[in-house]
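Chain residues, written in single-letter form:
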Amino acid sequence: MQRTKTPWEVERKLLLKAEEKTDVKYGCKPEDRPIKDYVRLGIINLDKTAGPSSHEITAWAKSILNLTHAGHGGTLEASI
Amino acid sequence: MTGVLPIALGDATKVIQALLLSGKEYICVMRLHHTTLENKVKTVLDEFQGKIYQRPPLRASVKRRLRTRTIYYLDFLEMKQKNVLFKVGCESGTYIRKLCFDVGEALGCGAHMQELRRTRAGSFTETEGFVTLYDLLYYSDKWRATSDEENLRTIIHPMEKALELLPKIYVRDSAVAAVCHGAHLTAPGILSLETEIKKKDGVVIFTQKGEAVAFARALASSEQIFGMDHGFVAETVRVLMDRDVYPKMWSKSGSI
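Just so you know, the sequences run in chain order G and Y.
So that you can map any letter, position 47 of the first sequence is 39 in this note's numbering, and since no number is skipped, the others follow by simple counting.
So that you can map any letter, position 243 of the second sequence is 367 in this note's numbering, and since no number is skipped, the others follow by simple counting.
Looking at chain Y on its own, in the form it has when it is part of the complex (with noise of 0.2 Å):
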């Protein structure tokens, strides 16, 4: 299979659980074992949108128990015999392996996955910087030889591009530190907030200038944050950035 594998490197491995749980979206081509009318297989493909039942495959990384996952969209493209291309977007962890064969099965014809390309993952699509490992090769060694980091900037993005997608706080300069030592997030340190957010909702902490701080879930919506005035909003679930970018500003009740 081709296409969109976004890779984190460094310290940025911290933002893939974020790109594992965000959407994808895919191009495929599904070959059919026996022709079979084109309107059928719209209908059939049209039935697949929505929350389906998909028990991993045979050979998968995962326990192979039945699940639910969401299929955003699928569209039909065009079909040439016995293939039919399509487009799906999808919950992650959706197999388009099996999607493939369980649409041939309701067809009745049987099916499989002829090919496959990933279109996007999360905030990362097929047109925004995206690049091949020799393109990879050919600037960072440039950069080593000659110092010039400029093109080996156009093809690296900052780990916060994984994070789009995700709804965002932007906090005082006087939190960070704190969140960036495990403390969770209290009311006064905010500035702004995204709407959307749900209680429960992982939401990312952002300092002003645009770096990201924590994973966090929200421990209330984005109405009721926004009208809080003290008290707890987020609990930091995994910290992003070094703890010293930052300095320390909270008192120490008790020491000194």
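If we strip away everything but chain G, and leave its shape as in the complex, we get (with noise of 0.2 Å):
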């Protein structure tokens, strides 16, 4: 069989419809956020180690950081 295109290889362009200026007084880029919302909006793309499950590693995550809730992207067995 062929290979198929996978989803981080498909190429999209930007269409642009209409233009308008952004008022700097509300929100701001993602990376200015203040630090207390970055974490709280943030991820971490973790290496995961071979032994403890996806579950008891978000859960060190979240108390390292002392969050209410955390959660992960797709479970990787635990061992080997």
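One or more of the hints may lead you astray.
To be verified - Restricting the straight-line Cα-Cα distance to at most 16 Å, the calculated cross-link-like pairs of lysine to aspartate or glutamate (EDC-like) are:
| hint | chain 1 | residue 1 | chain 2 | residue 2 |
| --- | --- | --- | --- | --- |
| 1 | Y | Lys138 | G | Asp29 |
| 2 | G | Lys17 | Y | Asp368 |
| 3 | G | Lys28 | Y | Asp353 |
| 4 | G | Lys5 | Y | Glu320 |
| 5 | Y | Lys333 | G | Asp39 |
| 6 | Y | Lys204 | Y | Glu162 |
| 7 | G | Lys9 | Y | Asp353 |
| 8 | G | Lys54 | Y | Glu202 |
| 9 | Y | Lys222 | G | Glu69 |
| 10 | Y | Lys333 | G | Glu11 |
| 11 | Y | Lys333 | G | Asp24 |
| 12 | G | Lys54 | Y | Asp259 |
| 13 | G | Lys28 | Y | Glu274 |
| 14 | G | Lys(-3) | Y | Glu273 |
| 15 | Y | Lys166 | Y | Glu202 |
| 16 | Y | Lys292 | G | Glu69 |
| 17 | G | Lys5 | Y | Glu274 |
| 18 | G | Lys28 | Y | Asp265 |
| 19 | Y | Lys175 | Y | Glu215 |
| 20 | Y | Lys322 | G | Glu69 |
| 21 | G | Lys28 | Y | Glu273 |
| 22 | Y | Lys166 | Y | Asp199 |
| 23 | Y | Lys333 | G | Glu12 |
| 24 | G | Lys9 | Y | Glu318 |
| 25 | G | Lys(-3) | Y | Glu215 |
| 26 | G | Lys28 | Y | Asp272 |
| 27 | G | Lys5 | Y | Glu288 |
| 28 | Y | Lys323 | Y | Glu347 |
| 29 | Y | Lys292 | Y | Glu320 |
| 30 | G | Lys54 | Y | Glu274 |
Stated by the list, open to error - Ranges of calculated distance between the beta carbons of each label pair, as one might list FRET restraints:
| hint | chain 1 | residue 1 | chain 2 | residue 2 | range |
| --- | --- | --- | --- | --- | --- |
| 31 | G | Thr41 | Y | Asp265 | 15 to 23 Å |
| 32 | G | Thr41 | Y | His236 | 17 to 25 Å |
| 33 | Y | Gly232 | G | Ser45 | 32 to 40 Å |
| 34 | G | Glu3 | Y | Thr270 | 41 to 49 Å |
| 35 | G | Glu3 | Y | His236 | 31 to 39 Å |
| 36 | G | Thr41 | Y | Thr159 | 27 to 35 Å |
| 37 | G | Glu11 | Y | Lys322 | 19 to 27 Å |
| 38 | Y | Lys187 | G | Glu11 | 48 to 56 Å |
Quick caveat, the hints were computed from the structure, so don't treat them as lab data.
We put the beta carbon where it would ideally sit given N, CA and C, even for glycine.
Using the hints, put the two standalone chains together into the complex.
In structure tokens, the structure reads:
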């Protein structure tokens, strides 16, 4: 069978419909968020080690940062 | 198993659904149960590219019914005696343990998954800001002790990073609060949008500052939306932004 285009190989272009300036009074670029918001709306790209389960690792990350909730994207089995 | 495990913090947990449905890439050691010719292994691995049928393994957290999954590519890398190293790009929900077993059945010799490492989950790979729990602990303690936040910022990504592969629609400041309150997106609110959107596709609504506002379902294709001057273009599915970031700009008919 042939290779299929992966979701990360899809190329998208931007279609400009209208132009308008954004008001600096409201919101900010994601990377400029105050640190508390930056963490609360953040995501860690973690290198999982063998042994602990994805759920345990998520719970540790949560307690390290003193958060009320955290979740992981796609379970990786614990061992091997 | 090891490798890429994105962890969403606090209110960013809302973006996880995008990652759960995104494509994955793994590097895997499969152990054959009998010595087999390299060419035969290559041929069989090739046959597993494309749409495959897969029944989730015994120990699985989903219902064990036959389902189809797309294997985008399955690249043979090297083979030493009974160990076969390969790289696989696949749809979310593909069990690699099961794939190894099924390849073994197709070969006739039997096989099992020996080692597995995830090298990609959606837009996250092993290269950009890839950290361990020790890094997180170290920089988090440093932040608390010295209020040095710069290092913590380098190891945490904004949740928008998880949405990179989804098609985006950028809207006016005046449309943001309405969407945050659950309104569907209408054509006049749009400033720009990406190509390759088909009707019913999942899209993400963004502000001009690059902040994610909400997950939405497109009601028309990119080309159609581009040509529209009124009417609904996307149904808001899940709001990601806090409601009070942008001011309410819509007019209330009937009241006051």
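Evaluation of the provided hints:
1. Lys138(Y) to Asp29(G): holds, 15 Å
2. Lys17(G) to Asp368(Y): It holds: about 12 Å lies between the C-alpha atoms, which stays within 16 Å.
3. Lys28(G) to Asp353(Y): violated, 39 Å
4. Lys5(G) to Glu320(Y): holds, 8 Å
5. Lys333(Y) to Asp39(G): Violated, because 30 Å separates the two Cα atoms, which is more than 16 Å.
6. Lys204(Y) to Glu162(Y): holds, 9 Å
7. Lys9(G) to Asp353(Y): holds, 10 Å
8. Lys54(G) to Glu202(Y): violated, 39 Å
9. Lys222(Y) to Glu69(G): holds, 13 Å
10. Lys333(Y) to Glu11(G): With Cα atoms ~13 Å apart, Lys333(Y) and Glu11(G) stay inside 16 Å; holds.
11. Lys333(Y) to Asp24(G): holds, 10 Å
12. Lys54(G) to Asp259(Y): Holds, at roughly 14 Å.
13. Lys28(G) to Glu274(Y): With a Cα-Cα distance of about 13 Å, the restraint between Lys28(G) and Glu274(Y) holds, given a limit of 16 Å.
14. Lys(-3)(G) to Glu273(Y): Status violated; Cα separation ~39 Å.
15. Lys166(Y) to Glu202(Y): holds, 10 Å
16. Lys292(Y) to Glu69(G): violated, 32 Å
17. Lys5(G) to Glu274(Y): Measuring from Cα to Cα gives roughly 33 Å; hence the hint is violated.
18. Lys28(G) to Asp265(Y): This hinted pair holds, its Cα atoms lying about 14 Å apart.
19. Lys175(Y) to Glu215(Y): Holds, at roughly 10 Å.
20. Lys322(Y) to Glu69(G): Given pair Lys322(Y), Glu69(G) is violated - Cα atoms ~35 Å apart, limit 16 Å.
21. Lys28(G) to Glu273(Y): holds, 10 Å
22. Lys166(Y) to Asp199(Y): holds, 9 Å
23. Lys333(Y) to Glu12(G): Judged against 16 Å, a Cα distance of about 12 Å means the pair holds.
24. Lys9(G) to Glu318(Y): Judged against 16 Å, a Cα distance of about 11 Å means the pair holds.
25. Lys(-3)(G) to Glu215(Y): Given pair Lys(-3)(G), Glu215(Y) holds - Cα atoms ~11 Å apart, limit 16 Å.
26. Lys28(G) to Asp272(Y): holds, 13 Å
27. Lys5(G) to Glu288(Y): holds, 13 Å
28. Lys323(Y) to Glu347(Y): holds, 10 Å
29. Lys292(Y) to Glu320(Y): holds, 10 Å
30. Lys54(G) to Glu274(Y): violated, 20 Å
31. Thr41(G) to Asp265(Y): 15 to 23 Å: Cβ of Thr41(G) to Cβ of Asp265(Y): about 20 Å, so the range 15 to 23 Å holds.
32. Thr41(G) to His236(Y): 17 to 25 Å: holds, 22 Å
33. Gly232(Y) to Ser45(G): 32 to 40 Å: holds, 34 Å
34. Glu3(G) to Thr270(Y): 41 to 49 Å: Cβ of Glu3(G) to Cβ of Thr270(Y): about 43 Å, so the range 41 to 49 Å holds.
35. Glu3(G) to His236(Y): 31 to 39 Å: Taking Cβ atoms as reference, Glu3(G) and His236(Y) lie about 38 Å apart, which means the hint holds.
36. Thr41(G) to Thr159(Y): 27 to 35 Å: holds, 32 Å
37. Glu11(G) to Lys322(Y): 19 to 27 Å: holds, 26 Å
38. Lys187(Y) to Glu11(G): 48 to 56 Å: Holds - the Cβ-Cβ distance for Lys187(Y) and Glu11(G), about 49 Å, lies within 48 to 56 Å.
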